[in-house]
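Asks: Produce the entire structure from the sequences given, and follow the hints as far as they go.
Going down the list, the protein sequences come from chains A and B.
Counting in the UniProt record's numbering, the first sequence runs from 1 upward without gaps.
Counting in the UniProt record's numbering, the second sequence runs from 1 upward without gaps.
The hints are simulated quantities; they were obtained by calculation from the structure and are not laboratory data.
Any given hint could turn out to be false.
Repeated chains share a single entry, so a pair holds when one copy, or any two copies, can fit it.
Stated by the list, open to error - Below, computed lysine-lysine pairings styled on DSSO-like, alpha-carbon distance capped at 27 Å: (1) Lys-338 with Lys-141; (2) Lys-182 with Lys-172; (3) Lys-169 with Lys-182; (4) Lys-182 with Lys-338.
Protein chains: 2
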Amino acid sequence: MSWPDLPAGTLFGLDNLPYGVFSRGERIRRAGVAVGDQVLDLTAAAEGESFGHLLAAGVLNPLLAAGPDVWAEVRARVREWLAEPRHADRIRPHLVPRADIVSHLPVEVADYADFYSSEQHAINASRIFTGGDDLVPANWKHLPIGYHGRAGTVVASGTPVIRPAGQRKPRKAAEPSFGAAKRLDFEAEVGFVVGVGSQLGTPVPIDEFPRRVFGVCLVNDWSARDLQGWESQPLGPFLGKSFATSMSPWLVPLAALEQARVPQPAQDPEPFEYLRAAEPWSLDLTLEIRINGHLVSSPPFATQYWTGAQQLAHLTVNGASLRTGDLYASGTVTGPAKDQRGSLLELSWGGREPLAVGEETRAFLEDGDEVVISASAPGPGGARIGFGEVRGTVAPAVV
Amino acid sequence: MSWPDLPAGTLFGLDNLPYGVFSRGERIRRAGVAVGDQVLDLTAAAEGESFGHLLAAGVLNPLLAAGPDVWAEVRARVREWLAEPRHADRIRPHLVPRADIVSHLPVEVADYADFYSSEQHAINASRIFTGGDDLVPANWKHLPIGYHGRAGTVVASGTPVIRPAGQRKPRKAAEPSFGAAKRLDFEAEVGFVVGVGSQLGTPVPIDEFPRRVFGVCLVNDWSARDLQGWESQPLGPFLGKSFATSMSPWLVPLAALEQARVPQPAQDPEPFEYLRAAEPWSLDLTLEIRINGHLVSSPPFATQYWTGAQQLAHLTVNGASLRTGDLYASGTVTGPAKDQRGSLLELSWGGREPLAVGEETRAFLEDGDEVVISASAPGPGGARIGFGEVRGTVAPAVV
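Replies: Below you can see the structure in the form of structure tokens.
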């Protein structure tokens with residue numbers, strides 16, 4: 001039940017209510033909640049509420065820092081405003097068509113870490129590069145492998161992605177060369193945004209996941225495979241990733257994902273105790289990847305070997321502290337089927353089997369290509385919870 | 001010439017004037033300039049000046065963002081205040097004994113990246129782990145290898161370093177185990193702090209280095225070698241580093257380092273054009289490492305293969321943007337001699353040749369060990385420019 005007109009089958013019903021930051025022509029950034037085809041201007045609607053001051057910063061960080069009791073309170077109030085007709089007169093003026101807004105980064109990102117938690121992705125990468133499974137390292141099933149990325153180049157969905165320049169050395173070349181990346185790729189990932197920070201020296205127990213993490217979004221971890229291949233030994237990816245990482249505008253609260261929680265794939269060997277959760281945190285999101293409007297893949301997030309809860313526990317087991325606004329991403333989401341692969345590297349098998357994209361084919365991304373990653377998950381009563389999309393178009397290199 | 005009493009041979013004369021952030025019992029953090037054994041309370045002294053508002057934030061970020069013209073203006077004014085007796089009556093009340101202050105992080109760190117730019121360190125690491133030079137990768141002389149670290153765990157000098165827990169697998173073990181790190185190490189490094197940010201998609205030309213980078217500090221890149229060894233394939237160091245990175249309190253402006261600039265070691269092969277600087281940016285800093293008060297090494301920074309200017313150009317050549325407060329570090333500084341090694345890993349040759357530390361020996365750090373890294377560089381007229389020190393004591397693991 002709700003008084004605003006919600007389109008039939010909307011992915012943004014009252015059981016979703018994801019948070020974002022938007023503007024409308026004016027320069028002021030406002031907190032918003034997506035509902036149907038509209039956005040509730042939460043900054044305006046919350047004026048006078050006890051939590052109103054948390055929504056006036058132009059980023060969601062103050063709300064995130066306030067912790068799970070406040071998250072629950074705000075969510076309950078927003079739902080009440082939209083469900084009960086007696087609030088319609090006051091709230092209606094704060095509803096804006098979603099088509100009329102510009103979305104911004106929902107949070108000021110503190111640290112950004114990226115994992116590598118899809119077993120099928122790890123296997124595919126190994127087979128593509130070596131022809132065998134030798135590249136799946138011995139540590140892979142013992143810990144969620146990850147690395148830190150560049151927080152300052154996490155960009156809002158829609159930001160053009162300029163093809164990076166850099167060094168690369170094709171396997172057959174004797175010497176490296178410099179120029180625009182030739183093997184530009186996307187990686188479809190799921191991101192987790194930390195609300196409540198932690199103290200240096202104190203690991204975060206895995207079961208604190210829902211009290212530390214505010215919500216979930218989509219991430220495109222753009223990757224220049226040729227730059228990455230040349231630079232990554234021995235310290236991992238650097239410039240092959242740091243030119244841009246795109247983040248979807250809407251943070252879906254964990255509270256909206258109760259129906260999406262599913263049992264985790266079996267883990268063998270059994271992980272160390274700090275990686276064992278009392279409750280399952282695998283999430284049944286189905287991602288969809290479109291290149292220039294053509295659906296090319298539908299990766300199933302529930303197949304990930306390591307969950308967001310395990311990643312959080314691992315990230316902090318050495319005592320590393322969390323800060324409000326920390327973003328960590330799942331790593332490329334790749335399922336067992338061919339049309340469930342989460343990167344073009346896999347979809348084109350290292351460029352050797354170009355992928356059909358409408359009438360055309362792609363080994364890697366070309367200038368002008370638009371990549372859109374969207375997702376949805378089961379909600380209550382057969383409804384679906386939408387994540388919106390993370391979108392980016394490749395712009396030509398500057399060199 | 002100066003009117004405050006400066007101790008003979010001080011490393012903090014009027015040609016140095018490094019910036020930091022301090023407090024004195026009260027909770028308010030103030031900008032300060034080290035001079036002799038004292039600190040000028042710059043926040044107070046600059047009240048009423050055109051740049052006073054840049055010094056009231058409790059971190060130096062606003063000053064750093066203001067750019068090189070303002071940096072030069074502030075430096076000239078501070079020098080004038082301390083050099084000309086006519087300012088003594090006004091300025092004297094703002095001088096505080098350095099022994100009476102608590103130092104804090106000088107900047108809010110935006111992104112933190114770490115390089116690997118000492119050739120001798122790379123060679124030593126390879127020999128320790130393989131017995132040969134096989135681990136120095138083919139890319140090493142073509143680009144300054146680096147990776148992103150965790151900005152949120154960059155801590156002020158003096159912060160206790162809690163021994164991290166995590167997974168490790170000794171080479172002879174069949175399975176990994178979990179527990180407190182056994183091979184805890186330091187890495188003596190030089191850090192560069194970015195003042196003026198740059199735009200996404202626009203590489204920063206190498207010769208903009210002195211207009212982008214505000215100053216230089218010391219960094220201890222604490223490393224748990226056993227955690228790092230097990231986790232690093234294929235995405236590089238993660239939890240083996242992210243538990244703590246210590247930063248010295250004083251940012252020495254590049255303007256204080258003119259006499260420290262020396263020709264760079266020959267580079268063969270000649271690097272790509274974006275890595276070729278018109279002017280030399282090797283810096284003749286001599287580091288000193290003390291464990292529990294005993295001098296164990298004196299690494300010479302001038303021997304680094306890649307300079308801070310080259311690292312900056314590389315970091316951004318893919319279009320990655322800079323932000324005010326970005327910190328990037330040189331990587332372990334290791335010279336050719338045994339007593340010039342910048343890590344205990346090297347000084348104890350992987351633990352096989354324990355290092356004499358006073359009456360004791362160390363393979364790796366023990367609980368309670370204090371590591372102090374200090375440095376100085378040539379200044380005008382035979383004076384030396386001091387960097388102060390970055391200090392940390394190992395606290396027992398929490399597990």
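Asks: Against this structure, judge whether each hint is valid.
Replies: Hints, verified against the model:
1. In this homomeric assembly, Lys-338 and Lys-141 come within 27 Å of each other (Cα to Cα) only inside a single copy, at 23 Å, whereas the closest approach across copies is 39 Å.
2. For the identical chains of this complex, Lys-182 and Lys-172 are intra-copy neighbours only, at 15 Å inside a copy versus 42 Å across copies, given an alpha-carbon limit of 27 Å.
3. Taking the shortest alpha-carbon separations for Lys-169 and Lys-182, only the intra-copy value of 11 Å comes in at or below 27 Å, while the best inter-copy value is 38 Å.
4. With identical chains, the CA atoms of Lys-182 and Lys-338 are at most 27 Å apart within one copy only, with a shortest distance of 23 Å there and 44 Å across copies.
Checked against the numbered hints given earlier, this structure breaks none of them.
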